[in-house]
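Residues per chain are reported as follows:
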Amino acid sequence: MKGMTIKAALFKLRAFIALIFIFSFFAFTADAFLSSTNLIILTKHVAINAILAIGMTFVILTSGIDLSVGSIVGLCGMIAGLLIDKGLVIEFLNVVIYFEIWVIVIISVIVGFIFGCINGFIITRFSVAPFIATLGMLYVARGFALLINDGATFPNLIGKEELNNTGFPLIGSGTFLSLPYTIWVMFILALIAVFLTTRTKFGRHMYAIGGNTKAANLSGVNVNGVTLLTYGLSGFCAGVVGVIVTSQLISSHPATGTTWELNAIAAVVLGGTSLMGGRGSIGGTIIGAFVIGVLSNGMILEGVSSFWQKVIMGSIIVLAVMIDQLQTKFIEKDD
Amino acid sequence: MEKILEAKNINKVYPGVVALDSVNFNVYKAKVNVLVGENGAGKSTLMKILSGVEKQTSGELFLNNKILEINSTKDAEENSIGIIHQELNFFPNLSVHENIFIANEILNSHKTINVNKQISLTKELMLKLKQDINPNSRLESLRIGQQQIVEIAKALQKKTQILIMDEPSSALSKNEASVLFDVIKELTNQGVTIIYISHKLEEIMQIGDVITVLRDSKFICEEQISKIDIPWITEQMVGKRSFESVNDSQAKIGNKVIEAKSIYLKKSKSEEFLLDNISFNSKSGEILSFYGLMGSGRTELLEIIMGLIKDFDGSIYLENNKLSQTSISKRISKGIVLVPEDRQGQGLVQCLSVLSNTLLSKISKKISDFFLNSNQERSAVNKAIDYLGIKVSNSDNLITSLSGGNQQKVVIAKALETNPKLLMLDEPTRGVDIGAKQEIFYIMKKLAEKGLSIIFVSSEIKEVLAVADRVLVLAKGKITKELTGSELTEDSLVKHSQG
Chain V
1 MKGMTIKAAL FKLRAFIALI FIFSFFAFTA DAFLSSTNLI ILTKHVAINA
51 ILAIGMTFVI LTSGIDLSVG SIVGLCGMIA GLLIDKGLVI EFLNVVIYFE
101 IWVIVIISVI VGFIFGCING FIITRFSVAP FIATLGMLYV ARGFALLIND
151 GATFPNLIGK EELNNTGFPL IGSGTFLSLP YTIWVMFILA LIAVFLTTRT
201 KFGRHMYAIG GNTKAANLSG VNVNGVTLLT YGLSGFCAGV VGVIVTSQLI
251 SSHPATGTTW ELNAIAAVVL GGTSLMGGRG SIGGTIIGAF VIGVLSNGMI
301 LEGVSSFWQK VIMGSIIVLA VMIDQLQTKF IEKDD
Chain P
336 MEKILEAKNI NKVYPGVVAL DSVNFNVYKA KVNVLVGENG AGKSTLMKIL
386 SGVEKQTSGE LFLNNKILEI NSTKDAEENS IGIIHQELNF FPNLSVHENI
436 FIANEILNSH KTINVNKQIS LTKELMLKLK QDINPNSRLE SLRIGQQQIV
486 EIAKALQKKT QILIMDEPSS ALSKNEASVL FDVIKELTNQ GVTIIYISHK
536 LEEIMQIGDV ITVLRDSKFI CEEQISKIDI PWITEQMVGK RSFESVNDSQ
586 AKIGNKVIEA KSIYLKKSKS EEFLLDNISF NSKSGEILSF YGLMGSGRTE
636 LLEIIMGLIK DFDGSIYLEN NKLSQTSISK RISKGIVLVP EDRQGQGLVQ
686 CLSVLSNTLL SKISKKISDF FLNSNQERSA VNKAIDYLGI KVSNSDNLIT
736 SLSGGNQQKV VIAKALETNP KLLMLDEPTR GVDIGAKQEI FYIMKKLAEK
786 GLSIIFVSSE IKEVLAVADR VLVLAKGKIT KELTGSELTE DSLVKHSQG
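If you're matching them up, the sequences are chains V and P in order.
Numbered according to my numbering, the first sequence spans residues 1 to 335.
Numbered according to my numbering, the second sequence spans residues 336 to 834.
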């Protein structure tokens, strides 16, 4: 912040200031808002969106977009459900393998990572526009999620003692230091992501690719490799969310995650990351996710009709980007 | 001769740069008025003012002896001044007539586009230009020469009386150029005034009527073309000023670093060669310069060596080892690096800091380098800033907050961070002020003395003469001459670059 005018600094922190403002507003006007139960529920909701938005931030920083994360959430949840409920059926050997829970978690998350990498591969290898490639994956992954159990859900995923695969619900309901695991996962992933974006070559190359792909390429940045990996990481985050949500519900539904990609994009954009790439931060994204979470939680407590909630939410997203545009002009003038 | 347009004492000041310094420019009716000058002499700025893209800081314009205020491109258009830019502005996906009438569509009584009228008017225009172009063809299906004719037709359709053409022949083949010259002749016969900017001196002699020379943002002279010859133009353009020469005969020239053998590159969508059997080598400790006009294939040659262009024929050797089709990052790690011509488009990442830009190319072999060490980074960048004399208060500042010359030094610093054996600089002084130019030359010399092989591309004669140990002159994709020592003169460079 050195050498920056107070005005510029305030502008830079605008999302955070907006969050504090919204938070205080509900703290004063809605009675239940500040109760620890409500705050924990709120944060748990935020965490789901925030984890998706972390992966989305990587992608958007390289000036891409990932529309498939919602479907990948559903797919990974179904895979976790399948492995717990029916195990891995290898037909020609006539065997069924039941894994321990930690293996199932890893497999589900890896599936998310692989589907993300497929996005990245199609985008980099065949020069397909990210919007199109991930739009296709939105359908494909959802289709697979539905195919896994013929459109049905896997209910009651508590496992069986004799199969040694119990304990899955604990991921969604367990706590550490009286905070749910979900919140800790968000916290840890966010820290890793902040580190990745600010302290590693990989992170700097993401910004370079989003800022000027040609210059990055000519500078020897592995443009295709880095881009592919960002989609892989976005898929990974979707896999994590898939596991967490399935565990929270103790069942997996093939329709889980429908339109969640849009919430994630909204959080990223509210956090000040430019859809043109090259500008933005993980911190901003987390704040963006909280803005969305606090708003919807607060509005529910205030008794705002859910129809109006949508109108307000949409307006705020557009408003935030309008302010971003002002900022671009503002900074250019400042220099 | 009747003056139609006159610019008097035009000044244009950009922050930190004087682009035009009380320039006078007379334009005569129904003549081809040629404007020449080296890159950065102020030609483009003057044309931007005439066409309403920029506003002069001070000075006056007169049209038919009446004072003329141009505040926008629309003002220029209303006063029948039109411009055809060097990079053509058209819609490749639309047809010829749609392009000609874009934003100016002919409507019928139902407020829909009157396609038949547009087509018939386009046919009339083409008849006037004596060109056979189908009004329904898509622009992308036409050859560049024909696309240019469409641009001219578009200007005529707007009743343009003064048509500015900025290097219209630079992308044209010889046949296409002669078609263009016929069109220009036809236009002046019909009373249209042409302002013609070009670097090709022979064609200026062929089609020009009056010549105006700009140099270092100043008006130098105006003369009838019939009274002058090419050496006169060169002398007026280049002037007596020169850079302090940095080349010296005692340069320690070592082993071959890069060698190219029989490089051929085809123009896109054409059977013509952009590079036609190019072979050369460069040695350590040597500053080798490619001199040639725009479109002579200089940039493409460097891009082939860098690995940006892959579909060429021929082979390249680095220290006698053949370079196979390797990625750019591999070539960088082998010691080849390019400072590109297009600084904003290919050189810099605008949204990153000076520090991040400087270190972007640094190729790491150690896995521990995956993590950035901010102390190490800072000290490396500070060293580079000192070494190159980059003026920046804090390396965390955005790259765009620097002046052109300092931005260019950052691009050079980025290249040097890779520890290169071969440093290629493509027009490194473009958009850089004179002081910074001289500094860049000293840096190049210093690096050559350290044993780097340097390839320097420039279209400015004085620069080439000031820094190059050896010059290869390129014209139309061929090396027309190799010059060293006392053969290196302005005249010989100009002569051989005309092809």
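No wet-lab data here; the hints were simulated from the structure.
You may find that some hints are simply not true.
To be verified - Beta-carbon label-pair distances, calculated as ranges:
no. : chain 1 : residue 1 : chain 2 : residue 2 : range
1   : V       : Thr198    : P       : Gly786    : 50 to 60 Å
2   : V       : Ala9      : P       : Ser407    : 36 to 46 Å
3   : V       : Glu100    : P       : Ile644    : 49 to 59 Å
4   : V       : Gln325    : P       : Lys409    : 20 to 30 Å
5   : V       : Arg125    : P       : Gln421    : 29 to 39 Å
6   : V       : Gln325    : P       : Ser407    : 56 to 66 Å
7   : P       : Asn399    : V       : Ala9      : 53 to 63 Å
What the hints assert, rightly or not - Taking lysine to any residue and the SDA-like style, the derived pairs with C-alpha atoms no more than 25 Å apart in a straight line are:
no. : chain 1 : residue 1 : chain 2 : residue 2
8   : P       : Lys669    : V       : Val128
9   : V       : Lys214    : P       : Glu537
10  : V       : Lys12     : P       : Phe425
11  : P       : Lys645    : V       : Lys310
12  : P       : Lys697    : V       : Phe195
13  : P       : Lys669    : V       : Leu262
14  : V       : Lys310    : V       : Leu262
We treat Cβ as the ideally placed atom computed from N, Cα and C, and that holds for glycine.
Notebook entry, point to check: Okay, which hints does this one fail, numbers in order?
Noted result: The structure breaks hints 1, 6, 8, 9, 10, 11, 13; every other hint is satisfied.
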